[in-house]
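Asks: Read top to bottom, the protein sequences are chains A, B, C and D. Counting from 2, one number per residue, gives the positions in the first sequence under our numbering. Counting from 2, one number per residue, gives the positions in the second sequence under our numbering. Counting from 2, one number per residue, gives the positions in the third sequence under our numbering. Counting from 2, one number per residue, gives the positions in the fourth sequence under our numbering.
Read the hints as simulated data drawn from the structure, not as lab findings. A few of these clues could be false.
As the list claims (entries may be wrong) - Simulated restraints, written as ranges between beta carbons of each label pair:
1) Asp62/D - Pro77/B: 57 to 65 angstroms
2) Asp62/D - Asn300/A: 39 to 47 angstroms
3) Gly208/B - Asp191/D: 26 to 34 angstroms
4) Gly115/B - Gln263/C: 51 to 59 angstroms
5) Glu255/A - Asp39/D: 29 to 37 angstroms
6) Glu87/D - Glu45/B: 40 to 48 angstroms
Computed from a prediction, not measured in an experiment: that's the story for all the values here. A virtual CB, placed ideally from N, CA and C, is assigned to each residue, including glycine.
There are 4 protein chains.
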Amino acid sequence: MIQVGIVGGTGYTGVELLRLLANHPEATPSVITSRSEDGLRVDELYPNLRGHLDLAFSKPDVKRLSECDLVFFATPHGVAMEMAPELIAAGTKVVDLSADFRLQDTEQFKQWYGMEHSCPDLLKEAAYGLPELNRAAITGSNIVAVPGCYPTAVQLGFAPLLAHDLVDTSRLIADAKSGVSGAGRQGKIDNLLCETTESMKAYAVPGHRHLPEIVQGLERISEHSVGLTFVPHLTPMIRGIHATLYSTLTQSPESLQELFEQRYANEPFVDVMPTGSHPQTRSVKGSNHCRISVHQPQNQDVVVVLSVIDNLVKGAAGQAVQNMNILCGLEETCGLTQVALMP
Amino acid sequence: MIQVGIVGGTGYTGVELLRLLANHPEATPSVITSRSEDGLRVDELYPNLRGHLDLAFSKPDVKRLSECDLVFFATPHGVAMEMAPELIAAGTKVVDLSADFRLQDTEQFKQWYGMEHSCPDLLKEAAYGLPELNRAAITGSNIVAVPGCYPTAVQLGFAPLLAHDLVDTSRLIADAKSGVSGAGRQGKIDNLLCETTESMKAYAVPGHRHLPEIVQGLERISEHSVGLTFVPHLTPMIRGIHATLYSTLTQSPESLQELFEQRYANEPFVDVMPTGSHPQTRSVKGSNHCRISVHQPQNQDVVVVLSVIDNLVKGAAGQAVQNMNILCGLEETCGLTQVALMP
Amino acid sequence: MIQVGIVGGTGYTGVELLRLLANHPEATPSVITSRSEDGLRVDELYPNLRGHLDLAFSKPDVKRLSECDLVFFATPHGVAMEMAPELIAAGTKVVDLSADFRLQDTEQFKQWYGMEHSCPDLLKEAAYGLPELNRAAITGSNIVAVPGCYPTAVQLGFAPLLAHDLVDTSRLIADAKSGVSGAGRQGKIDNLLCETTESMKAYAVPGHRHLPEIVQGLERISEHSVGLTFVPHLTPMIRGIHATLYSTLTQSPESLQELFEQRYANEPFVDVMPTGSHPQTRSVKGSNHCRISVHQPQNQDVVVVLSVIDNLVKGAAGQAVQNMNILCGLEETCGLTQVALMP
Amino acid sequence: MIQVGIVGGTGYTGVELLRLLANHPEATPSVITSRSEDGLRVDELYPNLRGHLDLAFSKPDVKRLSECDLVFFATPHGVAMEMAPELIAAGTKVVDLSADFRLQDTEQFKQWYGMEHSCPDLLKEAAYGLPELNRAAITGSNIVAVPGCYPTAVQLGFAPLLAHDLVDTSRLIADAKSGVSGAGRQGKIDNLLCETTESMKAYAVPGHRHLPEIVQGLERISEHSVGLTFVPHLTPMIRGIHATLYSTLTQSPESLQELFEQRYANEPFVDVMPTGSHPQTRSVKGSNHCRISVHQPQNQDVVVVLSVIDNLVKGAAGQAVQNMNILCGLEETCGLTQVALMP
């Protein structure tokens, strides 16, 4: 049984990790840290775990964490890069759900996250944990940066088009809609039910931190530089991301549908839906799937890709477990076979 | 007191008309028709009207309707064009909330709505009822086609850019998100709470009936032909449309913010929000306002316009009353000063 | 025009007061105070008020407030009782939406609110502002305590039964369900959308502050002492209270339906629905109505009363305006004729 | 591998059965019937099952069903009692999620369901499938009636009090709140998002079909006849039942908390929460647990029990699988260990 530590277990990605690990046949959480909740039973904060997990939060302690086979960071940015070097040195693998190891350009990191990167050497070793696009690098690594939720949905949606050089990469548009859980579990007025339900709004139109991460990812796939307009929206629901992706064809492929189906034919967590489909976020609620459909409205040259994930699963905790499975030599789908909750 | 008739009063636009008319100081509903609910008191179907309206549904009867000063049609397409000619002949004004008089091209009407237009002559006299873009024509008309909900939000958002010939009209994108009330009050599984809440989906990506209406409207404003990709989304809320509009600048204006502010400076129902704003649909819930903000992310050449309305008010019943006010020589804001319900 | 001040205008009852006053023909807000938001335009915090209100928050200043004809307190408990005596002395009327003047027993006040009452003399002069039960006292008063939201729904529902001494008052049960806006506009984790939507829970079963207020009110109506079990529930919606009231008949009335209808026949804001009805909270969303139905299931001796209000309107700001109308000699319904937003 | 048939697989309990069976290690669905959707792939109707289930709906065929080891009925009442005798005769076990075998009194069945019972003999053999109260009978049976959702939550909550004869059974009150999925997947206007969200209402106060079932169950536990007032409410959420139960103590137990804890100490699916707790329905969303807390407010003689379940799991499909496990000699928790989805 793989012994797992979780740093920062009080947020939504933390409890989602625990939900998935509670049913994982090969891994078990042995340490969960939280400065603020030290000593509290985890299932007191999250009663859904009553009967499933007999563990209390403890203060973060690198020594104790380094006894784990693998440590997840479900922390705000800035924490993982402080603790990861010591853990890696001790032979513990690291799967970081925060932003610390996502951007390879430390200048960009500083610009968007407002702090210097504290371990640029380790950053170079970190694999970008989007298995469908980067499986080989993950396999050989000890530290993985789990992609952001928006970047997961957007990159999986654009990848087949960019890999085949089919669209004008200078004018990509990603209009993305996220549930409120993406904003985390903090006592902010903006995320109250009364401020968010029965309403829709765009936010961060001038610039969102996931923008440079998406561009970095898309430029790895494409041979061209990428110009992306990215507009995230807050949607009145708990979970789910719906990315609506627009690009302009520069050549006419035989069949976009086949192109997408072939690209993801062997991917257990990417489902290309039949021609004409409109995937719903609820079809992946609680599951690690990304469902995609591709349209070419009125046979014009604009391609519309619809890509949905559960932001807390494929967009965070599920993808983290998927990376853990790869790092630990398990079946990639191990513990991730749950069916989405519908209705 | 203006005597008003409503044909098809059982749907959501019908009850919304009644809500607005109940507080209108110059107009009062005297006939409300419904074939299926003939004889039923209106407030039995809509208990929010108890104490506000002492009226029962009756069978549609052109003679009785023609005694009204003005008749609203809140019916599926195909009904208004059958009854309107007789009413107009009798001197009764018509405000049609359905699609019958929106598209001037009868071929397009047939293509998108699956029926021949039965009164193309009257169609030519019909004014397109978007007062902010077409006030003069409405003023002199006897019959008005109230725009669709999506077309209202999209046209008001794009209009300043197109009127000044600032953007490439061949590649406009309108990514629109609507509450479920836009789908009407019918017993369809797709619109159950259990099928729609906690989920987001695009729909009708291959082609939505509002597409030709929007293109017709944008081409009236622009000097160029318009290529539009329009993707509507079903959002888990009752009311509200959020249109996110993308276009590419072909020249650099001094200030997009000023351009928008000047365009709508004298419009009581269009609110250009301050620079950097992100309008929320709840800020117009129950009100006849359209709130707009304009962004130019990272100072690139893509303009992002955010435009929100309440689909049942500015997108339907409120705009219908606004047109009635114009047709009847009342103050345009008469009966439409309600503040949005927030929270 | 009555000049009105609002102390504590940043919360949900504050903005709701502003929404109602914006359309009130005889009163207008001239001062709105907030320590934390001093200088901020009100419509920057509440964009639904853009175009309706040209006012900024200012620091609380008794002198400036005492120039108003009437001051509303939409503050946490403890504030109104500090400022009210000076305002009353200056001839300004006070309508307090907080708990400070609700409980006539200062010991109870201390027990439930954790502080000494600072002006017990003024407390004796304060009228309990439930007009349907206490209109005469309100009319002659200068200071009114607006009832809590739960107490409004519960008292209006039980009143006809208790006034006629029909039920066993030692075992009353009030099972009440409230929308989340009742919890106020504060950055608490418990009230996040992700913590409240798609869930139902009871809270404060051991004892809720509205319990003594309800008992005080019911005992005024009844000739007997009252034993009440009160269980509030948090319901996944913004607005609305649904009180389900259980009591046991001690005698058989001829018709409970008639009894209720007669009791409220002349009340513009209490609507006794037809026999067999089940009022929905949405039928009063945004309106000042209380809708009630009375049932006697299977003709047994248990009476079930269903009573619904909008907690922010009849349960707070609307009732406050209703009291203002009475205090200022206006028509009681003035500015309160809005129809509930449905759907 | 146990071969399972499902009759009536298109509704919400049907898809929930499929979700649970998809992850069940010892059972697999081999036939799913639907008259209306004959030939349609199941995952076309329920895309959450894509990749999990390779099966299409077929017409109901007793012969084919009788080849299964066990058949679930997820049908409207009246269907199971027609088909069950033949299946039982063929040696196939039956787990009926409908009402056909719940009421042992055929007169009551006729009164509440409007039809004669067609197999009263088989009815006598049917076990009432609430394992925590009736495990022995289930174990020895071939046909099980899965309790209704409300009856499950209410009986589990009242059982410890009634088994110890602690309360006055002549005046029990069950105030229950249900998510909208309890109303099923049918195209009824009443269940549209626009009719149900942002609202709360009681329904069926004069009499709900679950009333006689609950009374029958409570009378089995108690030595006394039972007088119950049962008021169900429609709550704006998909899943969950919250039962708030009121009863009056006739004697003082030493500790209600201990009583409840002891009663359910060995029950894997009933969780008695710590003193003072308020269980939330979301803590069981998607899981087969019932969470309960017991209160005695202000140390008066009224006991308040709070009992929450997921109506589609412990209130239907999960409990059906639990019964299947018992009938088939599997571990009772087999395939039912999923953690509730929270948030």
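Asks: Determine whether the Cβ-Cβ distance between Asp62/D and Pro77/B falls within the hinted range of 57 to 65 angstroms.
Replies: violated (40 angstroms)
Asks: Do the beta carbons of Asp62/D and Asn300/A sit within 39 to 47 angstroms of each other?
Replies: At 44 angstroms between Cβs, range holds.
Asks: Is 29 to 37 angstroms right for how far apart the beta carbons of Glu255/A and Asp39/D are?
Replies: holds (35 angstroms)
Asks: Taking 51 to 59 angstroms as the hint, is the beta-carbon distance of Gly115/B and Gln263/C inside that range?
Replies: holds (55 angstroms)
Asks: In this structure, is the beta-carbon distance linking Gly208/B and Asp191/D contained in 26 to 34 angstroms?
Replies: For Asp191/D against Gly208/B, whose Cβ atoms are near 32 angstroms apart, the range 26 to 34 angstroms holds.
Asks: Range first: 40 to 48 angstroms. Now tell me if the beta carbons of Glu87/D and Glu45/B are that far apart.
Replies: holds (47 angstroms)
The structure fails hint 1 only (numbered hints given earlier).
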